[in-house]
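**Student:** Take the given structure of chain A and dock chains B and C to it, following the hints.
As you go down the protein sequences, you meet chains A, B and C in turn. Under my numbering, the first residue of the first sequence is numbered 1, with each subsequent residue one higher. Under my numbering, the first residue of the second sequence is numbered 442, with each subsequent residue one higher. Under my numbering, the first residue of the third sequence is numbered 779, with each subsequent residue one higher.
Calculated directly from the structure, the hints in this document are not laboratory data. Nothing here was measured: the structure is a model prediction, and the numbers come from that model. Be a bit skeptical, because a hint or two may be false.
Derived pair list, reagent style DSSO-like, types lysine-lysine, alpha-carbon separation capped at 27 Å [stated by the list, open to error]: (1) A/Lys441 with B/Lys551; (2) A/Lys209 with B/Lys530; (3) A/Lys204 with B/Lys626; (4) A/Lys130 with A/Lys441; (5) C/Lys937 with A/Lys330; (6) A/Lys135 with A/Lys441; (7) B/Lys530 with A/Lys260; (8) B/Lys530 with A/Lys238; (9) A/Lys327 with C/Lys937; (10) B/Lys530 with A/Lys204; (11) A/Lys242 with C/Lys937; (12) A/Lys124 with B/Lys530; (13) A/Lys205 with A/Lys306; (14) B/Lys626 with A/Lys433.
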Amino acid sequence: MRAARRGSARKVVVMAAIASLGAGLLAGCADDGNDEDSSSSGDSSGKTTITLGLFGTMGFKEAGLYDEYEKLNPDINIEENVTERNENYYPALVNHLTTNSGLQDVQAIEVGNIAEVVATQADKFEDMSKAEGVKKDNWLDWKWQQATTKDGATIGLGTDIGPMAICYRKDLFEKAGLPTDREEVSKLWAGDWNKFIETGEKYKKGAGKDTYFMDSPGGLINAILSSEDEKFYDSSGKVIYKTNPAVKDAFDLTAEAAEKGLVQSQTQFQPAWDQTISNSLFATVACPPWMLGTIKAKSQPDSAGKWDVAQAPKAGNWGGTFLGVPKGGKHVKEAQKLVTWLTAPEQQAKLFSKMGSFPSAPAAYKLPQVTGGKNDMTGDAPIGELFAKAAEQIPTQVIGPKDQIVQQGLTDNGVILVTQGKSAKDAWENAVKTIDNNLEK
Amino acid sequence: MTTRHDTAASPVKGGAAPGRPPGDRASAEADRKRRAKLSRRWQRDMRWSPYAFVSPFFLLFLAFGLFPLIYTGWASLHTVELTAPTDMKWTGLDNYTRIFDDEFFWNAAKNTLWIGIISTVPQLLMAMGLAHILNYKLRASTFYRVVMLAPYATSIAAASLVFVLLFGRDYGMINWVLDLVGLDKIDWQNGSWASKFAVSTIVIWRWTGYNALIYLAAMQAIPQDLYESAALDGASRWRQFIHVTLPSLRPTILFTVVVSTIGASQVFGEPLLFDANKGASGGSQHQFQTLGLYLYEQGWVNQHLGRASAIAWAMFLILIVIGILNAVISRRLRASS
Amino acid sequence: MTTTMTKPPADAAPEPPRRGRRRSKAARAGGTLHAGPIAYIILALFTIGSLFPLVWTAIAASRDNQRLAQTPPPFWFGGNLFDKLEIAWNDANLGEAFLNTTIVAGISAFTIVFLSTIAGFAFAKLRFRGRNALMLIVIGTMMVPPQLSIIPLYMMVAKLDWSDQLQAVILPSLVNAFGVFFMRQYLLQALPDEIIEAARVDGASSWRVVWHVVFPAARPAMAVLGMLMFVQSWNDFLWPFLVLTQNGSPTVQVALAGLGRGYTPDQSLIMAGALLGTLPLLLVFAIFGKQIVGGIMQGAVKG
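Extracted from the complex, chain A is given alone in its bound form (with noise of 0.2 Å):
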């Protein structure tokens, strides 16, 4: 018993060596997070660390701009903190904002969500319209009032826009019997998205039954909306997603595209979307200046120099971000700075050049790196010109806080159902009802 009592004895100082290794390991973890909180305010070289919270469409640092900003400012070290999809960012990013902890020196906000984070959470931000060195006239008009509240601040200062053209098969449409040459493609459809279908009409009797003439049901809902001046909101802010007519045409028009065979079958960016790149199985799909990176991450290497890019009927706009300083973050001075330099139209210039974002600052597409701008899968096309020119004809359109929502039902819970049989109206009662369960408070 004695022996027994001695390894219980020894047991016990074995269980408080390990809980105290445990705590120890705790406290370590903790010393080490006030270590990188501390040096984050400046460390040994008196550096100061300013932090980007952003999601996967960026691309600072890869084109080399942190690098550039840190040689001209030697008392900065920029660090970037990224997630690839918004889906996981932006939930976070209200959690932090609304607890007005975790938060970066600089967070980025998607232009689905952009609305959102004015109407409800502008005073967690810095007016950028008044830091140093910000002049608003170097945005488009429209980029810079999405950022704006109803009372004058900016929270937050446009980084790239994604204005939108068609992009096209030169070899798909030859082999149909359609023109090629992208001024007089872009003439079958000019100003009207109802001669885009009818060119879809004539491609399926030229193509035959083996590629398709679109991409998706998503991707064209999506480009007929965004070449809207009103859609899911008016002016006032309520919505009308289900009155106005310009959605329900929308939504009629991509039905019926749908109905006759035009558009494929597929959700965009889901595996089996990007495998019919691969598979060059469709010869047109809405697209911004981004959509060319996806088209070359997903094709075949014998794609390259077959596409070219037409304008669009009607032109609007595809995604975007913004950067904005929360006033919660350990660096607001030294942030807005570092914002208003990455914003400048020099750098959305090089961020285009190197990363395919297209500027949202006018005065950078007077600038070489836009003009002359190339892309491996269109060729010789200057695709610079030929997106500036679509982004000086985007409408200023009015965005709500739940586009996104109203946007994927009609989508997701709509017109896709049209390409899987069902009609037209049935898809847009399913949409509607999901839509609105999900606006509901």
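**Tutor:** For chains B and C alone, kept in the frame of chain A given last:
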């Protein structure tokens, strides 16, 4: 439900000192004192140590579990959005009463039930069979134990990528195989039953080995002599399994059934990942949206904290009703037999 | 550190359970329960089913996107695997993440196993007032859907100012009803009352019963629970992602969330990252798998 299998130890009653043989008879008086002291200590120990043993769980629960519970309960009585979680507007039981008319909730409840049945039943049966085999003397048994947990070790994100590709309609390997043997391709994401079946497959894949390991651990604790005497009586392996293994495993089987039922009611990662780019609607027609996913959609995607909280509590209440029904029925059954 | 608890102390030889284990192991080794060929066939099928998706992840990681779009799908590795693994390792800064996750998962798993075993023992084998009610509360806490609780939990953590600190991930994870319930059910079956009574008769206090009777008897279950909790903690995403950043002290899943950035995420790179995140776990299983040794109790029952 939980008291049925209690075979609690009957500790020495009446506070008598344990029947320890007196070590020396030199000083009976000192011994008596020592015993009295021991006895007091003994009593204190018997009385309070159970509470000491369970207290860490409850203290941690008080610290980190209770506030979220109270908050969601309170939020469920309000209109409150994720964008302002402290800005609540009182609505009483509105969030609950609307559930009765919420066809999406009941659709999700139905899906949850079906996916729960299709996935849990085969999963537990297969796990039991596997554990039985792994309980034999085997070559490379560690290898199989590692293999068994490999799917569980795969993160949701990793599993999503693979299964979405495997179940792909046009280029997926499963449809390729179906095509190869002359069957029609199946639209795994859009078919009502096909999608439930596919989601259940992911659940089964991830959790079978997990349950098998739990069964295996319990099987290893069955005394060998029970098998030996059964073998002496001429019982076949199958009869040994039925008459020795299964009865011994009753507490563990109960455990896996309860945990799997709760788990099935909360299934959310697998259906979410099965259609990762479509948000959390569980398919174009919500054909594989489970309650857990619906809750996630309302709370995280649509940001309706109040509604989502009410859904969570409704799920909780449904589970409790099921638990009570289960207890009543099993009591009736026992009474009648 | 998780293995420490399973190492028997050097001088504990005279303890009955341990003696029992040794004998029973010998008995098992000489037992008749050898697996037949059918068992091996079933195991082989099961192995293929379990591993195929993982192996295919590796295959996909070793191919480019274009190849994945073709039928028939690829069945064997392409040449890129090691390149992709290396890129993923460096991009996500996985070295540091592995260390953090090991700390988080190790401390969580160890503490959960320890606390669950003593609580499970009390619920299974000790009598006290309120036992059944308390047990119902334990089970009740399992029914709370975790996706929602993390929002108020985050409000708490924000108040405590624990952003980017590992205890924000560890401490909430310790509330684990599953473990308590698991240990209770296991001990109901695996721990005969006679042994506890025998120890009591020897004058053992409750703590000594836990050390000398419960822990040895619970060893296989503790190993299983430890493995399950380690994995769960390792793969947890939603909560660590909310609390930790990649620049602070990320866990593996948080670090991997940044992989494949860009409008055109590189599918095979993401898969390579997923593979890297899983492999260390398989290694841990290999170590723990050995701990699930059988037949601890029967010798002790015999005498």
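**Student:** Look at each hint and say if it fits the structure.
**Tutor:** Going down the list of hints, with the structure as the test:
no., hint, in the structure
1, A/Lys441 with B/Lys551, "24 Å, holds"
2, A/Lys209 with B/Lys530, "56 Å, violated"
3, A/Lys204 with B/Lys626, "25 Å, holds"
4, A/Lys130 with A/Lys441, "35 Å, violated"
5, C/Lys937 with A/Lys330, "17 Å, holds"
6, A/Lys135 with A/Lys441, "38 Å, violated"
7, B/Lys530 with A/Lys260, "49 Å, violated"
8, B/Lys530 with A/Lys238, "21 Å, holds"
9, A/Lys327 with C/Lys937, "17 Å, holds"
10, B/Lys530 with A/Lys204, "55 Å, violated"
11, A/Lys242 with C/Lys937, "42 Å, violated"
12, A/Lys124 with B/Lys530, "22 Å, holds"
13, A/Lys205 with A/Lys306, "21 Å, holds"
14, B/Lys626 with A/Lys433, "30 Å, violated"
Of the numbered hints listed earlier, those contradicted by the structure are 2, 4, 6, 7, 10, 11, 14.
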